[in-house]
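Protein chains: 2
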Amino acid sequence: MQRTLVKDAHASAEPRDSILLQGWVRTRRDAKAFSFIELNDGSCLKGMQIIVPDTLPGYAALMHRAATGASVEARGRLVASQGAGQKWEVVAEHFAIVGDADATYPLQKKGHSLEFLREIAHLRPRSNLFGAVFRVRSRLAYAVHRFFQERGFHYVHTPIITASDCEGAGEMFRVSTLDAANPPRDAAGAVDFVRDFFGRQSFLTVSGQLEGETFACALSNIYTFGPTFRAENSNTSRHAAEFWMIEPEAAFLDLFGNMDLAEAFVKHLVRDAREHCAEDLEFFSKFVDKQLAARLDFVLERPFQRCSYTEAIEILEKSGRNWEHPVAWGDNLQSEHERFLAEEHFKCPVTVYNYPRTLKPFYMKVNDDGKTVRAMDLLVPGIGEIIGGSQREERLDVLLEAMRAHNLNEKDYWWYADLRRYGTVPHSGFGLGFERMLMFVTGVANIRDVIPFARTPGSAEF
Amino acid sequence: MQRTLVKDAHASAEPRDSILLQGWVRTRRDAKAFSFIELNDGSCLKGMQIIVPDTLPGYAALMHRAATGASVEARGRLVASQGAGQKWEVVAEHFAIVGDADATYPLQKKGHSLEFLREIAHLRPRSNLFGAVFRVRSRLAYAVHRFFQERGFHYVHTPIITASDCEGAGEMFRVSTLDAANPPRDAAGAVDFVRDFFGRQSFLTVSGQLEGETFACALSNIYTFGPTFRAENSNTSRHAAEFWMIEPEAAFLDLFGNMDLAEAFVKHLVRDAREHCAEDLEFFSKFVDKQLAARLDFVLERPFQRCSYTEAIEILEKSGRNWEHPVAWGDNLQSEHERFLAEEHFKCPVTVYNYPRTLKPFYMKVNDDGKTVRAMDLLVPGIGEIIGGSQREERLDVLLEAMRAHNLNEKDYWWYADLRRYGTVPHSGFGLGFERMLMFVTGVANIRDVIPFARTPGSAEF
Chain W
32 MQRTLVKDAH
42 ASAEPRDSIL
52 LQGWVRTRRD
62 AKAFSFIELN
72 DGSCLKGMQI
82 IVPDTLPGYA
92 ALMHRAATGA
102 SVEARGRLVA
112 SQGAGQKWEV
122 VAEHFAIVGD
132 ADATYPLQKK
142 GHSLEFLREI
152 AHLRPRSNLF
162 GAVFRVRSRL
172 AYAVHRFFQE
182 RGFHYVHTPI
192 ITASDCEGAG
202 EMFRVSTLDA
212 ANPPRDAAGA
222 VDFVRDFFGR
232 QSFLTVSGQL
242 EGETFACALS
252 NIYTFGPTFR
262 AENSNTSRHA
272 AEFWMIEPEA
282 AFLDLFGNMD
292 LAEAFVKHLV
302 RDAREHCAED
312 LEFFSKFVDK
322 QLAARLDFVL
332 ERPFQRCSYT
342 EAIEILEKSG
352 RNWEHPVAWG
362 DNLQSEHERF
372 LAEEHFKCPV
382 TVYNYPRTLK
392 PFYMKVNDDG
402 KTVRAMDLLV
412 PGIGEIIGGS
422 QREERLDVLL
432 EAMRAHNLNE
442 KDYWWYADLR
452 RYGTVPHSGF
462 GLGFERMLMF
472 VTGVANIRDV
482 IPFARTPGSA
492 EF
Chain B
32 MQRTLVKDAH
42 ASAEPRDSIL
52 LQGWVRTRRD
62 AKAFSFIELN
72 DGSCLKGMQI
82 IVPDTLPGYA
92 ALMHRAATGA
102 SVEARGRLVA
112 SQGAGQKWEV
122 VAEHFAIVGD
132 ADATYPLQKK
142 GHSLEFLREI
152 AHLRPRSNLF
162 GAVFRVRSRL
172 AYAVHRFFQE
182 RGFHYVHTPI
192 ITASDCEGAG
202 EMFRVSTLDA
212 ANPPRDAAGA
222 VDFVRDFFGR
232 QSFLTVSGQL
242 EGETFACALS
252 NIYTFGPTFR
262 AENSNTSRHA
272 AEFWMIEPEA
282 AFLDLFGNMD
292 LAEAFVKHLV
302 RDAREHCAED
312 LEFFSKFVDK
322 QLAARLDFVL
332 ERPFQRCSYT
342 EAIEILEKSG
352 RNWEHPVAWG
362 DNLQSEHERF
372 LAEEHFKCPV
382 TVYNYPRTLK
392 PFYMKVNDDG
402 KTVRAMDLLV
412 PGIGEIIGGS
422 QREERLDVLL
432 EAMRAHNLNE
442 KDYWWYADLR
452 RYGTVPHSGF
462 GLGFERMLMF
472 VTGVANIRDV
482 IPFARTPGSA
492 EF
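Those protein sequences? They're chains W and B, same order as listed. Each residue of the first sequence is one higher than the one before, counting from 32 in the working numbering. Each residue of the second sequence is one higher than the one before, counting from 32 in the working numbering.
Just so you know, the hints here were simulated from the structure itself, not pulled from any lab data. It is possible that part of the hints are untrue.
To be verified - Heads up, simulated DSSO-like pairs for lysine-lysine below, C-alpha to C-alpha not over 30 Å straight-line: (1) Lys402/B / Lys442/B; (2) Lys63/B / Lys118/B; (3) Lys77/W / Lys141/W; (4) Lys298/B / Lys38/W; (5) Lys442/W / Lys77/B; (6) Lys38/B / Lys442/W; (7) Lys298/B / Lys38/B; (8) Lys38/B / Lys298/W; (9) Lys38/W / Lys118/W; (10) Lys77/B / Lys321/B; (11) Lys442/B / Lys141/W; (12) Lys317/B / Lys77/B; (13) Lys77/W / Lys321/W; (14) Lys63/B / Lys141/B; (15) Lys321/B / Lys378/B; (16) Lys317/B / Lys140/W; (17) Lys317/W / Lys298/W; (18) Lys118/W / Lys321/W.
Chain W extracted, bound-state conformation (with noise of 0.2 Å):
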């Protein structure tokens, strides 16, 4: 017989003579003569009511084995459920216990702190939280490629290995076969990366943006959706080592025609989970967060506004304001100011655009004031920036000229430059930190929480 799968099952118009119901015991409660069984088989939030009547072969020695976090199986028939909060619950005419789990199962009713579920991170799926967050992160990764596969972005697989360090910011893993403890040394004594795998010293990427850019420089409009990874050693709740990174990239789009993409984007993702994931939003909204409702409204329902970062730091001067640290122009915006500009400010989320150069990496497009690029940061309520992009360089001369001040060497650039060299086009693009938006869909407010198995300073297991 074919297994129904829990959600379909409470899906149902109509009850059904039979079905066939796996998955594990969350809580057993036994009455008279029969047990209640919630069965949850991570299909969906809400687990099924099983009803056992003591008539079933074996009732008694069946039920001591139906504890929490056992392997079952319930055949029997689906029909209108007496109880609240359910419109179907399933009388077992058979029942069966496929897996046992005894006292020592670390997921004992509730009450554990997050910080011990991550360290039972092969299990915590199991409980209502974590099943919510990663069918969300599911669902959420599906939307991102719905967006843009029906608005015509290819989706590109940028390298992870590189030899180039798109931001030129270090902080960057190594990727490595040879003996950590004997490498080959050249004439000079120095490591011969030479000899390595790739013969040459390569690294995991911070970013596939560059190499994007060249797709993008043939297809029109693409998006990677991959890892990235930052060898920073910060031990926060808003840094992971290994992240995913969405990162779509449009040929002949300007920073405002990329404004224009990232708040769809963002108001894609959030109307697609709520359409989606209803049940477990709520869920969130009841158990983690109880502004959440009122913040993804607060984003699907203003129009996002627009400032230029010089009056960002005009009303940022102007609000009387006793900041942490102080406004200028020239200085990067803080945590402090991006949330009274989104929060308090605006009340709504924000573009700042039009960046002072000193504070940008080299590839974005110098405005003609020759003071300003065109970087763009989308801050929202209760979390800040959220999307960070630009308008890319796309003068050979203006492209050269900025890496010569920033230090980078041409040679190791030759193909991005190419770009510049042939058939060179006007080009915008932006990231979004995949964690980050789930974080602000869900509530969530530590980044180790929304990752399946997260890595960061000190922390690789499983």
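Got chain W sorted already, so can you dock chain B onto it with the hints?
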């Protein structure tokens, strides 16, 4: 004015008074009172023919610059084409050069070798062949997600950086931030990986299966789709150091259900590419592999066959062939054997299952005969093994014994064993190498030519 993609212009139902196209010049042909320009923007294989009349201001200078590779924009009327091979063409009322390409542009007309094009991997997507390859790659990736999402499978991002070696096969890339020249040493003089970023020696993943199993044992049906790595020093047309793999895993699924899933998946991918990439596949059939269309039909139209490894050995022994590699029960099937089974004996895709235990990894479910495990390989004509999978060993004692037999340290797999300790369930899964599938669907013979920027021994350019 809003840009129209060439693809959408071709799909136009009626003429349009005004349309804006932007892209790159593929060819220019000058006639008496006008020039024909083929404008390609990568949205589809076919370019749009632009007719530039010599009455446009600056016509001579413009046409001089409108060389192959230059980026241009054309505004004008979309009209029914007089020529053969296209429905629409554009009569330009405005034509401008966006970016020049001089005679050094490496992608002049044609006749370049694939080897040369690999050296300009940043420009090759502008060619017909590679534009088509990477559009199909994008569509096929989307088809992967659609297949699983529509069947209630949850997408899981298993970790890229890992301290465990799924296959126990070695050949992994080390990931480190230690000073390669002077790594810290422990008291015995060995490299002290405790002081490395993750507090232990860590690597790039070779498979997300083990972590995927933890999620299948919570959400029931999951799949991964991410980059995987092999530090194998082999320079063949079928191996890359970095490639993408799809690994579904399902709870309460046995080996035969796993075969059903794998067959449906392969058929879905082929059907989806046929439906959505018809023009690109036609190009491959014409210029890359004349057998392509027949081979894809073969997969779609034939029911897949199944035969046990033991039966396969009998078939091969009785075939009367002179095998280069002798056939014997207990030995791996070689490429010549696999191709014989699919192409000559069964004349259709065939799943071989129940392989000798000694040939397979520790995690596969041991059959009652004690000699074979519930492994399966799906073999397709022209390419051999395209999918490998198994039912997993869900019995704790048998699993622990298998680990010992494979010299694995139980302590390293405590969490994997936990899945069998608490609510264990029968479960199965398989892996599909995405590039191998792409080679099958496009007929492209070298894996380097279906990856945007291939990573192979000695090569991590771009």
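Between lysine 317/B and lysine 77/B, is the straight-line Cα distance small enough, at 30 Å or below?
Holds, because 15 Å separates the two Cα atoms, which is no more than 30 Å.
Run the distance test for lysine 298/B versus lysine 38/W: straight-line Cα separation, threshold 30 Å.
holds, 26 Å
Holds or violated: lysine 77/W and lysine 141/W, Cα atoms, limit 30 Å.
With Cα atoms ~16 Å apart, lysine 77/W and lysine 141/W stay inside 30 Å; holds.
With the threshold set at 30 Å, check whether the alpha-carbon distance from lysine 298/B to lysine 38/B stays at or below it.
holds, 27 Å
Given hint lysine 118/W paired with lysine 38/W - CA-CA distance at most 30 Å:
holds, 12 Å
Given the proposed pairing of lysine 77/B with lysine 321/B, does the C-alpha separation stay at or below 30 Å?
Holds, because 20 Å separates the two Cα atoms, which is no more than 30 Å.
So if I understand the rule, the pair passes when the alpha-carbon distance is 30 Å or less; does lysine 63/B with lysine 141/B pass?
holds, 26 Å
Given the hinted pair lysine 442/B and lysine 141/W, is their alpha-carbon gap at most 30 Å?
holds, 27 Å
Given the hinted pair lysine 118/W and lysine 321/W, is their alpha-carbon gap at most 30 Å?
Given that 30 Å is the threshold and the Cα spacing comes to 27 Å, the pair holds.
Does the alpha-carbon distance linking lysine 77/W and lysine 321/W stay inside the 30 Å limit?
holds, 20 Å
Holds or violated: lysine 38/B with lysine 298/W, Cα cutoff 30 Å?
Cα-Cα ~26 Å, so holds.
With a cut-off of 30 Å on the C-alpha distance, tell me whether lysine 321/B and lysine 378/B pass.
Judged against 30 Å, a Cα distance of about 19 Å means the pair holds.
Violated hints, in rising order: 5, 6, 16; the structure is consistent with all others.
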